[in-house]
Amino acid sequence: MLSNTADNDTDVSCYSYSVDELYEAVENSSKLVTRQTTVKKTISKPASLNLNVSNELDCNSEININNIEIFEFNELNNDNMKIIPNYENETESVTNHNIIADIIHDDDTNKSSLEHNNNNNIQNNKDINVSVEENDTISQNIGRKRSKKANSEAWSRNDAKCKRIRGEAYLGYRRKEKQSTLNILHDTPREERQMGPPCQSKICKQWKTRFCSEIKCDDRLKIFNHFWKDLVCWKEKQIYILSLIELVEPKQRTTKSLTSRRSGTYFYYLKVGNSKFCVCRNMFLNTFGLKESTIRYWLQRESLSENILPRNVREDLGIVDEEIECVMETENDVSIGHKKGFSRRAKKYKNEYLKQFFNKLPKLPSHYCRKSTRKLYLQTDITSIAHLYNIYCDACKIDNEEPLSRKKFVNVYNDKNLSIFMPKKDQCDKCCEYKVNNVSEEEYQKHIARKNQAREEKNRDKISAESGECHTFTCDLMAVQLLPYCQASALYYKMKLAVHNYTIYNLSTHEAICYWFDESQCDLVASVFASCLVDTIEKTLNTSLKPVIIYTDGCTAQNRNSVLSNALLHLSIKYNIDITQKYLEKGHTQMECDSVHSVIERKMKTTDHYLPSQLCNLATEARRYPFPYKNKLLEFSFFSDYSIKNLMIYDSIRPGKKSFDPVVTDIRVLKYCAKGVILYKINYNDDFTEMPRRPNKIDMQNV
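Heads up: the sequence shown begins at 3 in the numbering used here, then just goes up one per residue.
A couple of the hints might just be wrong.
[As the list claims (entries may be wrong)] Restricting the straight-line Cα-Cα distance to at most 25 Å, the calculated cross-link-like pairs of lysine to aspartate or glutamate (DMTMM-like) are:
1. K293 x E238
2. K659 x D688
3. K584 x E521
4. K448 x E459
5. K660 x D689
6. K293 x E304
7. K548 x E459
8. K399 x E354
9. K418 x D689
10. K660 x E445
Source of the hints: derived by calculation from the structure; they are not laboratory data.
Turn these sequences into a full structure, and let the hints guide you.
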């Protein structure tokens with residue numbers, strides 16, 4: 003049955019604006035841009051009702067286009083946070099490299115301990131309800147999801163290098179001709195590193211200072227895995243191996259010559275726990291899966307470098323000596339000029355300064371341009387990237403810093419997923435008025451408190467839905483679509499057909515269903531939205547009978563009226579369950595169904611379409627994973643008339659009767675009980691109160 007009865011104060015959205023923007027703007031806006039449109043429609047009589055429905059609807063479409071909330075914040079900067087492990091000195095020292103090997107080993111132990119503690123903290127915090135605010139959304143910006151930069155780690159050459167360092171099987175290179183380096187082929191398979199057999203020499207068993215037979219196979223396997231899996235570069239592996247080799251000069255020489263070919267004897271050690279055991283060379287090489295030539299090459303490089311590691315390697319390993327202490331003392335001294343030039347330390351400081359510059363810029367929440375849900379928007383007075391770069395250069399002059407190049411600036415800008423685009427939809431009137439000092443601080447803080455309470459409530463209900471305790475839905479009407487949509491200029495002057503999409507999103511299953519209908523089938527009245535909502539809830543309850551929670555915006559003619567409330571109350575009585583309807587704060591009605599509209603709009607922009615059925619097909623193709631959106635093209639026979647007075651249990655849902663009592667727009671929560679009553683809340687923190695209206699007695703068989 004189709005409802006064509008409209009109240010005098012019901013507004014229909016213009017073709018160029020969404021319905022929720024229209025209704026919310028009519029209620030509270032003080033400065034409005036008004037467009038008046040007169041629509042006359044006549045709908046044929048439904049077969050199941052003896053009603054003559056014909057209606058003329060005058061709609062005053064009033065839009066407020068001033069509307070956005072601006073946040074100024076600083077992102078957390080964790081780049082300067084360091085965890086310095088407390089290394090213990092080894093009691094037994096063999097060479098200067100022992101300290102380095104112990105640092106590598108202890109560092110891995112500390113890392114595993116830290117990861118274990120972090121996992122415990124995450125597990126313990128799962129039950130904590132975190133406040134969902136736009137500021138939290140901004141601070142959790144994780145950068146670009148799809149970067150335009152080349153991923154060098156995925157290159158076959160670098161992948162082979164990483165596998166070779168980890169001791170895994172990889173595809174190596176070879177020369178096509180042995181004497182030529184022009185043709186290099188990447189087609190030679192290399193086997194993975196394997197631990198060799200233990201020492202079985204009888205001579206080692208006779209030695210009192212060799213402990214080859216006392217080291218177990220499990221200990222050797224741990225040493226092998228630690229060397230190839232935990233040490234991430236060849237430099238660390240070299241340092242670790244050299245720390246286990248001791249060069250001992252001969253105690254006596256038989257020749258009197260000062261130059262002897264025998265410079266000393268190498269002793270090899272394996273570290274088990276905190277103890278080192280001397281072993282033979284074969285046992286040492288087999289345990290690590292190395293060749294003798296590799297060890298000789300590393301020993302030769304060590305002698306040429308005179309046992310001095312580069313400063314950056316020593317800094318990364320946590321070694322502090324006189325040179326590094328001297329550099330650390332000069333870091334806070336601007337007169338030395340370590341911030342200038344092109345040194346490694348200077349570049350690092352410039353990058354940190356640029357990141358801090360971006361963190362200080364005020365930003366906008368990403369919801370207001372829902373096509374890029376991960377993006378952050380800079381303040382509105384920045385017009386272009388060139389303008390932003392000039393601001394950065396001016397800041398560098400003030401702080402006496404050298405600015406980075408434009409290319410580096412743009413790369414960091416893209417990595418932080420920023421944009422200078424100014425969103426122009428879903429803007430909050432209250433926040434904009436507060437920005438220009440038209441709203442008091444007290445009223446603004448109440449507005450923010452209501453927004454935060456709604457976000458927290460929605461977050462808790464989402465967790466409950468995912469755990470299977472209830473069904474939670476979000477509902478919203480998509481911006482009106484005009485058909486035909488084509489790039490031909492002649493169509494600009496033709497009358498178009500208005501098509502609407504009412505979307506319902508299930509937070510537990512992530513399913514979305516889109517109800518498509520055009521103006522030739524129905525009007526934008528409460529019974530239309532109630533029919534779509536009842537259809538989805540009934541199908542869900544037939545599968546799983548659980549309490550239902552619905553989140554919508556505060557649009558009165560669409561979501562907050564007696565027609566929809568009576569429809570949901572009848573549904574609650576029919577299935578003997580409680581249905582709760584909750585309203586988000588005006589101007590902050592971000593919901594999951596907005597992402598559905600975004601994906602569909604992006605798909606529609608790429609093709610021309612002329613019929614409502616084509617919109618359904620495009621919406622189905624808009625998302626493939628995890629599953630496509632469900633779409634229904636509705637006709638007038640689908641809709642039911644829930645505005646019949648004889649079938650309404652409550653004539654009104656206003657929580658007050660006198661002047662200055664609460665009105666419908668003050669309601670935050672409505673609960674439809676199976677016993678046939680409606681409870682309400684003015685604030686989320688209040689207790690439920692029964693609606694101060696006497697329910698009408700109706701015959702439920704006629705419903």
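Please work out if K448 and E459 have their alpha carbons no farther apart than 25 Å.
holds (16 Å)
For the pair we were handed, K418 and D689, check the Cα-Cα distance against 25 Å.
Outside the cut-off at roughly 43 Å; violated.
What's the verdict on K659 and D688, does the C-alpha distance respect the 25 Å limit or exceed it?
holds (20 Å)
Does the alpha-carbon distance linking K548 and E459 stay inside the 25 Å limit?
Holds: K548 and E459 sit about 19 Å apart, inside 25 Å.
Does K293 pair with E238 here, judged by a C-alpha cut-off of 25 Å?
Holds, at roughly 17 Å.
Are the Cα atoms of K660 and D689 separated by 25 Å or less?
holds (22 Å)
Is K399 within 25 Å of E354, Cα to Cα?
Roughly 16 Å between the alpha carbons, so the hint for K399 and E354 holds.
Holds or violated: are the alpha carbons of K293 and E304 at most 25 Å from each other?
holds (17 Å)
Under the criterion that the straight-line Cα-Cα distance not exceed 25 Å, is the pair K584, E521 satisfied?
violated (28 Å)
Just to be careful, I want the Cα atoms of K660 and E445 compared with a cutoff of 25 Å; is the pair within it?
holds (24 Å)
In this structure, the earlier hints numbered 3 and 9 are contradicted, and the remaining ones agree with it.
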